Structures are given as C-alpha cells and as structure tokens.
Amino acid sequence: MKYFKFLTAGILFGIILTKSEVISWYRIYEMFRFESFHMYGVIGSAVLTGIIIIQLIKRVGLKSIGGEPVSFSDKAKNYKAALFGGTIFGLGWAMTGACPGPIYVLIGNGFLVFILVLISAALGTLAYGFLKPRLPH
Amino acid sequence: MIEIIKQPWPWYVAGPAISLVMFLLIYFGKNFGVSSTLRTMCSIGGAGKIIDFFKFDWKDQLWNLVFVGGALLGGWITSAFLMDNEMVAISNSTVESLTEYNIIPHGYVPQSIFSWASVFSLQGFIMIIIGGFLVGFGTRWAGGCTSGHAITGLSNLQLPSLVSVIGFFIGGLITTHFLLPLIFNL
Chain A
1 MKYFKFLTAG
11 ILFGIILTKS
21 EVISWYRIYE
31 MFRFESFHMY
41 GVIGSAVLTG
51 IIIIQLIKRV
61 GLKSIGGEPV
71 SFSDKAKNYK
81 AALFGGTIFG
91 LGWAMTGACP
101 GPIYVLIGNG
111 FLVFILVLIS
121 AALGTLAYGF
131 LKPRLPH
Chain B
1001 MIEIIKQPWP
1011 WYVAGPAISL
1021 VMFLLIYFGK
1031 NFGVSSTLRT
1041 MCSIGGAGKI
1051 IDFFKFDWKD
1061 QLWNLVFVGG
1071 ALLGGWITSA
1081 FLMDNEMVAI
1091 SNSTVESLTE
1101 YNIIPHGYVP
1111 QSIFSWASVF
1121 SLQGFIMIII
1131 GGFLVGFGTR
1141 WAGGCTSGHA
1151 ITGLSNLQLP
1161 SLVSVIGFFI
1171 GGLITTHFLL
1181 PLIFNL
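Here the protein sequences come in this chain order: A and B. Numbering (the numbering used here) for the first sequence: 1 to 137. Numbering (the numbering used here) for the second sequence: 1001 to 1186.
Don't read these hints as lab results, they were simulated from the structure. Given the structure is predicted, the values throughout are model-derived calculations rather than measurements. One or more of the hints may lead you astray.
Each computed DSSO-like pair below joins lysine-lysine, with the alpha-carbon atoms no more than 27 Å apart [unchecked claim]:
| id | chain 1 | residue 1 | chain 2 | residue 2 |
| --- | --- | --- | --- | --- |
| 1 | A | K132 | B | K1030 |
| 2 | A | K132 | A | K80 |
| 3 | B | K1055 | A | K63 |
| 4 | A | K77 | B | K1006 |
| 5 | A | K77 | A | K58 |
| 6 | B | K1049 | A | K5 |
| 7 | A | K58 | A | K5 |
| 8 | A | K2 | B | K1006 |
| 9 | B | K1006 | A | K132 |
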C-alpha cells in the first residue's frame, strides 16, 4: 500500500480544484479577461504559502517520510523553452480552460469529453518528444 | 460542517490548500508536477522504442499516475457528495461577453462547446483537440505546467518558472482576446 498516500493526496487535490471552481472553463476565461480576482487569489496565495513552506523545509532540514533529507532540484535554465513552450501552453489553456491537473479532475466530475483533451495532450507531449532536438531550448 | 464544505471555496482557502498538497508530495519524497504524467503515458505506450525522450523506467513515475487517478476520484467524490448545484459565480461582465457569443454560462464548462457532438464541428475540434494538443506540447517544452512551474517553481523562486508563467499569460491572452472571438464566430 505504498501508493495509498499518493491516492489520498490526489483525492484532496481533486476536491480542492472542484470546490474552488479552478476547473471551470469560465474561471479561466474570466482570469484572462482580468474580470475577477478569484484565480489570481488562488494562484497568488498558493505561491505565497508555498514560498513559506519551502523556506521552512530548507531551514528546518526536513526529512521525507522515508527518512531522506528533502532536496530541491533547480529548474533547467532553458529560458527559450520556458517562454516559447509556456506561450504554446497558454494558447491551449485558454481554449480548453484546463491545465493538466484540472483535465483529470474534470473527467472525474463527469465531463467525459475531457478524455479527448487528455489524449490530445498526450499526443502533444509525444510530438514535442519527437521534435525536441530541433526546437530551441 | 458538511454545509460549509458544500459552499464554493474562496481563494484564500483554495490557494493554501493547494500548497498543502505540494507539501505532502514533497514530504513523500516526490514533487508536485502534473504534466509529467503525460510523458509517462507516452512511455508506457512504447514511445521510448522510437524516441529517446520517452526512454526511462516509467515505474518510477507510477506514484504520479496514482496521484492524478486520485485527483480524478476527488472530482467524482465532490460532484457526487459535496456539491450544491450552484452556478460558477463569475463576474457580470464575463457573463455579458459570453452572451454576445450566444454562450449562456451554466455548470462548469460551456456544454455547447465541450460535448461529444461538438468534436465534429470545427469550433469543437479546435477547442478540444487542438487545445489539448497545445497543452501537452507546450507544458513539456516549457518543462512544467501550472503545478510544476507556477506553484512549485515560483515557490522555490526559480527564474525559469517565472519566464514560463509569463509565457502562460502571453498565450492565454492571445487566445482569449484574439482567437476565441474568431473561433466563437465560426
């Protein structure tokens, strides 16, 4: 049952994203039109709390559940990839109204057509893997 | 208690709760990044035989598939037990702009676009299939999505994550203000 804790964390994640309406296409549309503080509040307060959590983990030297020290790897400094890839993702995010997390949560909520969004997203990742050597990073 | 849970949760509950999920995964010795599961699925499907990018032991990533499986289950639990059938409380100006395109906000997503029947229309094909493809392509190129870059990366003060998030917004603003008006009029 070593996977049970991940299932539990996932269930919690699914409940939070549904109850806070983060999975709603309307909320994403509204966010990109700057017509509500809601999404900025969610992401902003998550980041602020996250900064505090990660600083505390580093200061305290927290050990993981398996007893190993927690370490953070830096994100690769691929600024072109970050900007170009980020923009491509943004184009799709505002169409589907769902980033990868909400795709799964929407399927669970019974919006089964998002299974097609998921398959398309996997194919998009496949296409990226194929083109990776030819793309700027 | 259950009555409180059934209300829509405000941002100041949701945001810290999401970073709690991030903390749990860190404490479990992993990291918070949902888009990686797309790469794992390609690997399970055998893409590693042709493309090196997918050549890795996907069993090491099984925990993340369990996590998103849980997220799916969490969505189902919420819809079955923790919902008052309320409408998403978007602003009036957002509602008005959608009405101009004959979209009457109801439920979580516009049913006229996100349905099985609409996949075969040009509008639905772009929004569902092309949109999904861009999400999968872009997140992997950028090296993360909202969870990996915007939440985890920014929390760990990573500059590449800030650049990615700026990219997310450039793309999202282009779609919302230039592409959607064209797509909605198809």
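Status of each hint after checking the structure:
no.	hint	result
1	A/K132 / B/K1030	25 Å, holds
2	A/K132 / A/K80	13 Å, holds
3	B/K1055 / A/K63	30 Å, violated
4	A/K77 / B/K1006	43 Å, violated
5	A/K77 / A/K58	22 Å, holds
6	B/K1049 / A/K5	32 Å, violated
7	A/K58 / A/K5	23 Å, holds
8	A/K2 / B/K1006	31 Å, violated
9	B/K1006 / A/K132	45 Å, violated
In this structure, the hints that do not hold are numbers 3, 4, 6, 8, 9, in rising order.
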